[in-house]
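All chains should be modelled from the sequences, with the hints used to inform the complete structure.
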Amino acid sequence: MSRSADDVDRLIDAYASRRIDRRTFLQRSVALGVSASALLAACGGEEEGAAPELDTALLRIHLDEDIENLDPAIQPGHADGNVASSIFQNLVSFKPGTYDPVNELAEAWNGSEDGLRWDFTVKKGVQFHKGYGEMTAEDVKFSFERIAGLTKPKLESPYAGDWAALKVVEVKDQYSGTVILKEPFAALMTTTIPQQAGEIVSKKAVTELGDKFGTSPVGTGPYEFTEWKRKQRVSLKRFAQNENVVDFADPPPWKAIDFVVIGEDNPTVIALETGELDFAVLPTSAIDRVEGSGDFNVTSKTTLNYNWIGMNVLHENLRDKNVRLAVRYGIDVPSIVEAAFDGRWEQATGILPPGMPIGYWEDAPKYERDVEQSKQYLSDAGAEGMKLVMSVTADEPGAETVAEIVQANLNEVGFDIQVDVQEGGVFAQAEKEANAKKQLFYTGFTTNPDPSWSTVWFTCDQVDVWNWMSWCNEEYSRLDKEAVRTAEPEKRNEIYIRMQELMDEDVVAVWVAWPTDYFGTKKGIKPSIAPDGDYDAWSFTTA
Amino acid sequence: MAGYLLKRLTMTLVVVVVVMVFLSVLVHLVPGEPASIILGPRASESLIAIVREEMKLDEPIHVQVWDFVTGALQGDLGRDFLSRAPVSELILDALPHTIVLAVVAMAVATLVGIPLGVYAATRPNTIIDRVTAVISVSFITMPYYIAGLFLLLLFSLHWNLFPAVGAGSFSDPVDYLRHLVLPAAALALTWIGYIARLVRTSMLEVMGANYIRTARAFGLRERVVFYKYALKNAIIPTVAVVSVGLGELMGGAVFVEVIFTRPGLGSLAVEAIVARNFPVLQGTVLVIALVYVFANLVADLSYRLLDPRIRVEEVAAA
Numbered sequence: 001m002s003r004s005a006d007d008v009d010r011l012i013d014a015y016a017s018r019r020i021d022r023r024t025f026l027q028r029s030v031a032l033g034v035s036a037s038a039l040l041a042a043c044g045g046e047e048e049g050a051a052p053e054l055d056t057a058l059l060r061i062h063l064d065e066d067i068e069n070l071d072p073a074i075q076p077g078h079a080d081g082n083v084a085s086s087i088f089q090n091l092v093s094f095k096p097g098t099y100d101p102v103n104e105l106a107e108a109w110n111g112s113e114d115g116l117r118w119d120f121t122v123k124k125g126v127q128f129h130k131g132y133g134e135m136t137a138e139d140v141k142f143s144f145e146r147i148a149g150l151t152k153p154k155l156e157s158p159y160a161g162d163w164a165a166l167k168v169v170e171v172k173d174q175y176s177g178t179v180i181l182k183e184p185f186a187a188l189m190t191t192t193i194p195q196q197a198g199e200i201v202s203k204k205a206v207t208e209l210g211d212k213f214g215t216s217p218v219g220t221g222p223y224e225f226t227e228w229k230r231k232q233r234v235s236l237k238r239f240a241q242n243e244n245v246v247d248f249a250d251p252p253p254w255k256a257i258d259f260v261v262i263g264e265d266n267p268t269v270i271a272l273e274t275g276e277l278d279f280a281v282l283p284t285s286a287i288d289r290v291e292g293s294g295d296f297n298v299t300s301k302t303t304l305n306y307n308w309i310g311m312n313v314l315h316e317n318l319r320d321k322n323v324r325l326a327v328r329y330g331i332d333v334p335s336i337v338e339a340a341f342d343g344r345w346e347q348a349t350g351i352l353p354p355g356m357p358i359g360y361w362e363d364a365p366k367y368e369r370d371v372e373q374s375k376q377y378l379s380d381a382g383a384e385g386m387k388l389v390m391s392v393t394a395d396e397p398g399a400e401t402v403a404e405i406v407q408a409n410l411n412e413v414g415f416d417i418q419v420d421v422q423e424g425g426v427f428a429q430a431e432k433e434a435n436a437k438k439q440l441f442y443t444g445f446t447t448n449p450d451p452s453w454s455t456v457w458f459t460c461d462q463v464d465v466w467n468w469m470s471w472c473n474e475e476y477s478r479l480d481k482e483a484v485r486t487a488e489p490e491k492r493n494e495i496y497i498r499m500q501e502l503m504d505e506d507v508v509a510v511w512v513a514w515p516t517d518y519f520g521t522k523k524g525i526k527p528s529i530a531p532d533g534d535y536d537a538w539s540f541t542t543a
Numbered sequence: 001m002a003g004y005l006l007k008r009l010t011m012t013l014v015v016v017v018v019v020m021v022f023l024s025v026l027v028h029l030v031p032g033e034p035a036s037i038i039l040g041p042r043a044s045e046s047l048i049a050i051v052r053e054e055m056k057l058d059e060p061i062h063v064q065v066w067d068f069v070t071g072a073l074q075g076d077l078g079r080d081f082l083s084r085a086p087v088s089e090l091i092l093d094a095l096p097h098t099i100v101l102a103v104v105a106m107a108v109a110t111l112v113g114i115p116l117g118v119y120a121a122t123r124p125n126t127i128i129d130r131v132t133a134v135i136s137v138s139f140i141t142m143p144y145y146i147a148g149l150f151l152l153l154l155f156s157l158h159w160n161l162f163p164a165v166g167a168g169s170f171s172d173p174v175d176y177l178r179h180l181v182l183p184a185a186a187l188a189l190t191w192i193g194y195i196a197r198l199v200r201t202s203m204l205e206v207m208g209a210n211y212i213r214t215a216r217a218f219g220l221r222e223r224v225v226f227y228k229y230a231l232k233n234a235i236i237p238t239v240a241v242v243s244v245g246l247g248e249l250m251g252g253a254v255f256v257e258v259i260f261t262r263p264g265l266g267s268l269a270v271e272a273i274v275a276r277n278f279p280v281l282q283g284t285v286l287v288i289a290l291v292y293v294f295a296n297l298v299a300d301l302s303y304r305l306l307d308p309r310i311r312v313e314e315v316a317a318a
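These protein sequence lines are chains A and B, in that order. The numbering of the first sequence is my numbering, which starts it at 1 and goes up by one. The numbering of the second sequence is my numbering, which starts it at 1 and goes up by one.
Errors might be hidden in some of the hints.
[Said to hold, decoys possible] Rough simulated footprint, nothing fancy, chain A against chain B, three-plus residues with beta-carbon under 8 Å:
1) 21-33
2) 44-55
3) 79-85
4) 90-101
5) 213-227
6) 264-273
In short, the hints are calculated from the structure, not lab data. From a predicted model like this one, the values you see are computed outputs, not experimental measurements. C-beta atoms are modelled at their ideal positions from N, C-alpha and C, and glycine is treated no differently.
This is the structure in structure tokens:
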């Protein structure tokens with residue numbers, strides 16, 4: 001073999017094993033005097049019919065924070081979930097980009113009329129990664145009962161709440177069994193089974209690997225875990241053995257996926273522009289720039305998350321409803337959305353956005369700023385010149401701008417607003433002493449595609465914990481429990497709308513925005529974005 | 001010399017123990033309930049209790065101090081609560097990247113700063129000297145993160161010469177070096193300015209000394225006078241500053257690591273603070289402090305090795 005042929009082989013090896021990035025690969029191929037596209041094809045890159053610039057050897061996806069633990073029972077952050085969704089599969093999942101349930105690992109999945117018994121049969125021949133053998137009903141039992149805290153030794157999972165209703169999983173034979181609940185649980189088929197708490201792990205791998213399972217995960221998904229370089233990237237490679245399991249989406253075209261960790265906005269956009277990323281979540285300030293370059297498609301999705309200005313009703317300054325009404329009518333929400341989010345987020349009118357499958361309150365009032373009315377309420381309360389502290393954290397995007405506008409708006413009405421910008425950990429304390437100090441605050445909560453995960457934080461038993469408004473409404477709390485046990489979607493819908501009406505009547509929040517996520521994708525790639533703005537890398541396809 | 005070394009090492013040990021005590025008390029000084037911040041809103045009370053127990057948050061402070069100090073002395077810095085990995089493993093992963101970054105940045109700063117300072121000193125009060133002064137002061141006043149962003153925009157985005165993010169892999173040194181160029185340059189700029197000004201001032205001071213006048217009177221060439229006799233003495237303060245500067249750069253690297261998305265002690269510490277991941281924070285800060293203390297020790301010793309007058313004074317005093 002000639003020297004240059006050796007060099008070419010070494011170059012291909014280096015790229016295929018990801019010891020060099022794509023740019024280096026292209027530069028070195030030019031230096032060797034060979035066609036870069038021919039080499040990419042040699043790497044398993046271009047497939048017939050694909051765009052000439054697009055190679056399918058490696059897809060590079062942006063992670064805005066590093067992973068910590070990919071174990072479905074632990075997964076502390078959203079980055080863990082974004083990576084894990086390509087490694088693990090569920091009995092029933094959502095069709096990519098929708099909330100339409102489809103059987104994934106389940107051959108059959110049927111619930112009893114009372115919603116307490118769910119019979120399942122798993123597909124035969126589904127293999128776990130890394131030679132951990134065939135997936136069986138025993139693995140299903142282990143995966144669910146482990147998160148619920150029913151296995152020995154007992155695991156304390158932060159997601160035990162997803163399986164709080166689980167009584168037991170009975171195994172009938174190697175491939176079938178029954179999930180038995182203690183009580184009906186409406187979120188079972190919206191957030192538990194199809195999402196992270198329903199991901200199936202290998203019992204053998206968890207037992208063998210122990211604590212290391214979180215950083216050496218074993219699932220059945222389209223991609224298997226290969227390497228984690230802390231603060232740099234997580235690498236997955238395509239797992240061909242289970243290609244026939246998913247019949248509701250195209251087979252993944254990429255041989256490997258790298259999740260590239262970049263925490264800051266500017267470097268993320270630069271990395272996208274320099275070709276070091278194929279897909280990134282964009283800050284709103286970069287949308288025009290990325291769109292204008294002509295090399296990327298920008299798509300958006302309004303999330304299910306909600307941002308609001310809360311009022312602590314137990315604080316002496318805000319006990320009087322007239323003061324809270326003065327705040328409601330004194331704040332110009334459209335200006336906030338325009339200034340803090342470049343007008344690119346949707347103005348919120350309640351806790352549940354239109355994208356939430358159940359509970360969107362279509363007729364919710366959209367309050368407009370009315371200075372005179374606000375002054376009147378303030379006067380009725382006898383609180384002209386009242387000093388109020390508005391606390392925010394710089395960790396929340398746009399929070400300081402929100403605070404500035406609120407300060408200007410309310411000072412004009414007759415308040416005296418002091419802005420307190422706090423460090424993230426200090427702001428997010430969920431304990432009695434810290435909550436008692438809060439007056440006005442601006443924050444945002446993330447959620448899942450079931451309204452119960454949005455409303456649960458404002459019940460009476462969350463006062464002194466995550467209910468920073470310290471608002472205790474017995475009817476709201478009762479309805480929250482009732483909705484979780486109600487199976488009929490129409491009935492649930494009514495309950496959640498009533499709960500939002502109660503929040504509105506008691507004037508505990510000024511709803512600001514339902515955040516919208518923007519994604520920059522290299523042309524030739526079609527991303528798969530769920531209705532809540534989450535993405536599944538395994539179901540990205542070539543355009 | 002042996003006595004001095006023993007005294008300095010004892011002092012170093014005391015400083016390290018004080019740092020460890022401070023770090024174990026740190027958990028109680030930082031506001032916020034660490035267990036609930038680490039675990040998030042969906043954690044049950046029993047899970048929070050387990051983490052508090054594992055972090056020993058309910059133990060008396062003196063027990064926590066003792067456990068941390070004795071553990072650290074045995075190389076056990078605890079476990080990261082999220083990934084379940086030993087903290088020492090996280091630090092060993094990150095430390096080489098930060099050390100390489102700091103050492104290369106200081107080497108670049110020294111190699112550019114010293115000639116720049118000497119060049120300015122050979123032409124005092126000329127336009128070249130003033131231009132050098134403006135450049136040096138500009139570099140000194142430029143924060144690391146501003147320099148980093150400028151370099152990213154120019155050399156990565158505009159000219160597409162170097163990668164924008166990541167550190168590459170040690171198994172591919174060429175690729176690793178390509179990833180290192182911009183972060184090292186961002187860190188080096190400030191120190192280029194600082195060293196250039198320091199060398200210039202030292203050189204001008206030395207050039208007025210009697211032995212330089214004598215060398216010139218002997219008819220030695222100006223280049224020999226400058227580089228063989230003047231620079232040798234003028235460089236002593238710079239060596240000390242460079243040694244201490246290495247420790248400083250370990251801390252300064254945090255901004256550059258964040259901007260260039262490099263793994264390293266700085267970014268590890270920042271994330272640990274945000275997440276209240278105290279075992280990781282304590283371990284990281286301890287290692288940075290150790291490097292700083294060690295760099296100070298090296299600076300002190302190098303001073304004595306380079307300047308015979310210090311040794312003579314010590315002997316005379318004895």
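Right, here's what the structure says about each hint:
| no. | hint | verdict |
| --- | --- | --- |
| 1 | 21-33 | holds (count 4) |
| 2 | 44-55 | holds (count 4) |
| 3 | 79-85 | holds (count 5) |
| 4 | 90-101 | holds (count 3) |
| 5 | 213-227 | violated (count 0) |
| 6 | 264-273 | holds (count 5) |
The structure is inconsistent with hint 5 alone, although it conforms to all the rest.
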